[in-house]
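If you read the protein sequences in the order shown, they are chains A and B. Numbering of the first sequence is given in our numbering, commencing with residue 64 and proceeding in unit increments. Numbering of the second sequence is given in our numbering, commencing with residue 8 and proceeding in unit increments.
It is worth saying that the hints were derived from the structure and are not from the lab. Please note that the accuracy of each hint is not assured.
Simulated restraints on C-beta separations [to be verified]: (1) B:E520 - A:R110: 49 to 59 Å; (2) A:R68 - B:D313: 17 to 27 Å; (3) A:G190 - B:D85: 24 to 34 Å; (4) A:V197 - B:P421: 32 to 42 Å; (5) A:L100 - B:K365: 50 to 60 Å; (6) B:R236 - A:E256: 54 to 64 Å.
Glycine included, C-beta positions come from ideal geometry on N, C-alpha and C.
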Amino acid sequence: MDESRTTKKIRALLQEGLDHYGEGRVEEAERCWGEVLFLDSDNAEARDYLQTLLDEGEIPKRDAAPPAGPGDLVDDALGLMHEGHLEAALELFETVTRRESDRLDVQGYVDMVRSKLLTRYRERVGGMDAVPAVVMGGGDLMKYNLPATAGFLLSLVDGRTAVNDLVSLSGLDPFDALRTLSSLLEAGILRSEA
Amino acid sequence: MSRVIGIDLGTTNSCVTVIENGQPTVIPNAGGYRTTPSMFAISHDGKRLVGHLAKRQAITNSRNTVYASKRLIGRRFDSAEVQKAIDLCPFEIVRGANDDPRIKIAGKTFTCPEIAGIILREMKRVAEEYIGEPVSEAVITVPAYFNDTQRQSTKDAGKIAGLEVLRIINEPTAAAMAYGATNRSEEKIAIYDLGGGTFDISVLDMSDGVIEVLATAGNTFLGGEDFDRRIVMHLLERFQEEESIDLRTDPMALQRLKDAAEKAKCDLSSRESTEVSLPFISSDDSGPRHLQLELDRGTLESLVDDLVQGTVKTVEACVQDAGLTPGDVDRVILVGGQTRMPLIQKTAGEFFGKGPHKGVNPDEVVAIGAAMQAEALVSDDKDLLLLDVTPLSLGIATAGGHFAKLIERNTTVPVRKTHIFTTTRDNQTAVKIRVLQGESDVAADNDLLGEFVLSGIRPAPQGGPEIDVCFDIDANGIVSVSATDLSTGKEQSITVNATGTLSQDEIQKIIEEHELYEVELKA
Ligand SMILES: Nc1ncnc2c1ncn2[C@@H]1O[C@H](COP(=O)(O)OP(=O)(O)OP(=O)(O)O)[C@@H](O)[C@H]1O
Ligand SMILES: [Mg+2]
Chain A
64 MDESRTTKKI RALLQEGLDH YGEGRVEEAE RCWGEVLFLD SDNAEARDYL
114 QTLLDEGEIP KRDAAPPAGP GDLVDDALGL MHEGHLEAAL ELFETVTRRE
164 SDRLDVQGYV DMVRSKLLTR YRERVGGMDA VPAVVMGGGD LMKYNLPATA
214 GFLLSLVDGR TAVNDLVSLS GLDPFDALRT LSSLLEAGIL RSEA
Chain B
8 MSRVIGIDLG TTNSCVTVIE NGQPTVIPNA GGYRTTPSMF AISHDGKRLV
58 GHLAKRQAIT NSRNTVYASK RLIGRRFDSA EVQKAIDLCP FEIVRGANDD
108 PRIKIAGKTF TCPEIAGIIL REMKRVAEEY IGEPVSEAVI TVPAYFNDTQ
158 RQSTKDAGKI AGLEVLRIIN EPTAAAMAYG ATNRSEEKIA IYDLGGGTFD
208 ISVLDMSDGV IEVLATAGNT FLGGEDFDRR IVMHLLERFQ EEESIDLRTD
258 PMALQRLKDA AEKAKCDLSS RESTEVSLPF ISSDDSGPRH LQLELDRGTL
308 ESLVDDLVQG TVKTVEACVQ DAGLTPGDVD RVILVGGQTR MPLIQKTAGE
358 FFGKGPHKGV NPDEVVAIGA AMQAEALVSD DKDLLLLDVT PLSLGIATAG
408 GHFAKLIERN TTVPVRKTHI FTTTRDNQTA VKIRVLQGES DVAADNDLLG
458 EFVLSGIRPA PQGGPEIDVC FDIDANGIVS VSATDLSTGK EQSITVNATG
508 TLSQDEIQKI IEEHELYEVE LKA
């Protein structure tokens, strides 16, 4: 029973991704399959689909070897950013700043994309004053493949504490905390009330 | 007329009460909890957190979370207590301008009365929210052994919180009142108080409306937190055995473990076994790991048995110190949340040969007594106004490093005593008076409450001038000393400038500063 609920959710996301993909909404497809990997980082099907996107050049190769020159990477990242693939763009920009710590221009893009994403996550969680509550517990929950920070954030959610305070309590980087909270909400593990 | 609240300002938790329809009532906070952690923190993003919010990040943000500051209040930086706290506490404790310990978190330094003031302000807020009108007066409890400086500092904390402290009363006295003690009671009561961070045992003798503290003992570094720590260690070990993962250096895991350990401990007070479930506590290459373990009451008892037996030794010594045998004690009262544990109730019952009195929640009983005392003060109900005694002798340092006791311990308060002093040299125009509190004949072994110089004495041969020094302990146990030069007939009054507490100016400054933060204080 637990089993079926989790797998159902994953199957639905996989299918939703395919529907988006079929109609050319690559970004949405990527989000759905990324979601699946958040819930189950070993999910072969999702990996496979995302690989297809990579191979088709729909999304950039991550840490592909040999690495493209920084110039290309920045161009790719800018392209992604303009198309709204913010998470992918961020990853590329950060790859550049990791390699070349003096690229202040790229650092600027990193900050910009992060702030855009932050807005997106904030919207997804229903605003900083929204109060999330845990919907799914016990066996259902354990079917997922969540990172320990997600487990920690979940333990702070008590149905009374607003997003804003959860971020403070967690001590995590607000960006990471909001990203995780928004993924937990998308996955239906949390629900949020304004 | 505005309502007077009672506050048990505990080491671990605080509890606020008010008389409602003639009944003392515990006021729950916004989260529905009847006690509020006495914790204050500044979060990574600069927010000031009080109570439960502070507790929920106490381990992940341990350097910036203050707990158990009651152990420090009114003490000197060099005292053994403060030094021990420095060894044990993850937050920074620094020496203050008055040789008092101060707490430094997130780059800002706080005095101990300031921290206590933040907690009291939170309790005041909880009360105001419930009552629906402003509250400005309170009765606050302190341990029976608190000396003048500690009491004065607690009063200062009240002032910082915007509360006029009508009376400071002893915790065991408050507990006895909550169990119906009146000034007609004639009995000997043992009060076994095991809270979150401290253990106190007091033996009281009630007669003629006076509550005499026959003896007190305890351990300011023993409490429910130690029980929690044993459970955490146990869980860590079992998890490591099963999963080969060591969580000891993972603050996020430790925070969850500590919270779960306390919860399991509380569960086991009412059931035989409980499950500890911490999903996604960790992960490694092969995926996420969950901590899922069963804990039963027997295991818990074996984990903490030595702690419980340790309290029995202290109780034994205290009863003996009171000049009694366990059988002489008429009543046993349990105080402190940790005494909800069946093993503690059984152990105390066996020692005294009689079951403890029940009916009032042990973590609320002190606050209930405080509300009753508040009511008695306001309505001037003489039946309920119990008189405390001074827990420590009061006197001055004399030549040769001796201590001259002027008011003996266990003297009923309020009390006033005068003594004539004189000069030790010819033409001496000033004398220095060092006011001490404690039981040792050696001046240096007692607590220095303050010192002052009386000057302007008319030059005269040695032993000529007569200086009348008046020692006064009020109903709160707070000391003031004044001196009059009888040889000039001119009265000079000097009040002890207690060390380690704040001047009126300092208090005012703190109050103004805290008003800036008021909107940020949360439940
Ligand atoms: N049901 C229960 N079973 C066992 N322990 C409990 C229970 N409820 C609360 N406690 C423990 O009681 C302790 C808190 O007690 P209390 O609220 O009386 O603290 P306190 O007065 O601030 O203590 P102190 O000042 O002595 O340190 C905590 O360790 C808590 O875990
Ligand atoms: Mg207590």
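Cβ-Cβ distance between E520 (chain B) and R110 (chain A): within 49 to 59 Å? holds (56 Å)
At the C-beta level, are L100 (chain A) and K365 (chain B) separated by a distance inside 50 to 60 Å? holds (56 Å)
Can you let me know if the beta-carbon spacing of V197 (chain A) and P421 (chain B) is within 32 to 42 Å? Violated: the Cβ-Cβ distance is about 55 Å, outside 32 to 42 Å.
With 17 to 27 Å as the target window, see if R68 (chain A) and D313 (chain B) comply at their CB atoms. For D313 (chain B) against R68 (chain A), whose Cβ atoms are near 46 Å apart, the range 17 to 27 Å is violated.
CB-CB spacing for D85 (chain B) and G190 (chain A) relative to the 24 to 34 Å hint: Roughly 51 Å apart at Cβ, these two residues miss the hinted range, so it is violated.
If you check the beta carbons of R236 (chain B) and E256 (chain A), does the distance land in 54 to 64 Å? Hint violated: Cβ distance 36 Å, outside 54 to 64 Å.
Of the numbered hints given earlier, the model fails hints 2, 3, 4 and 6; all others are met.
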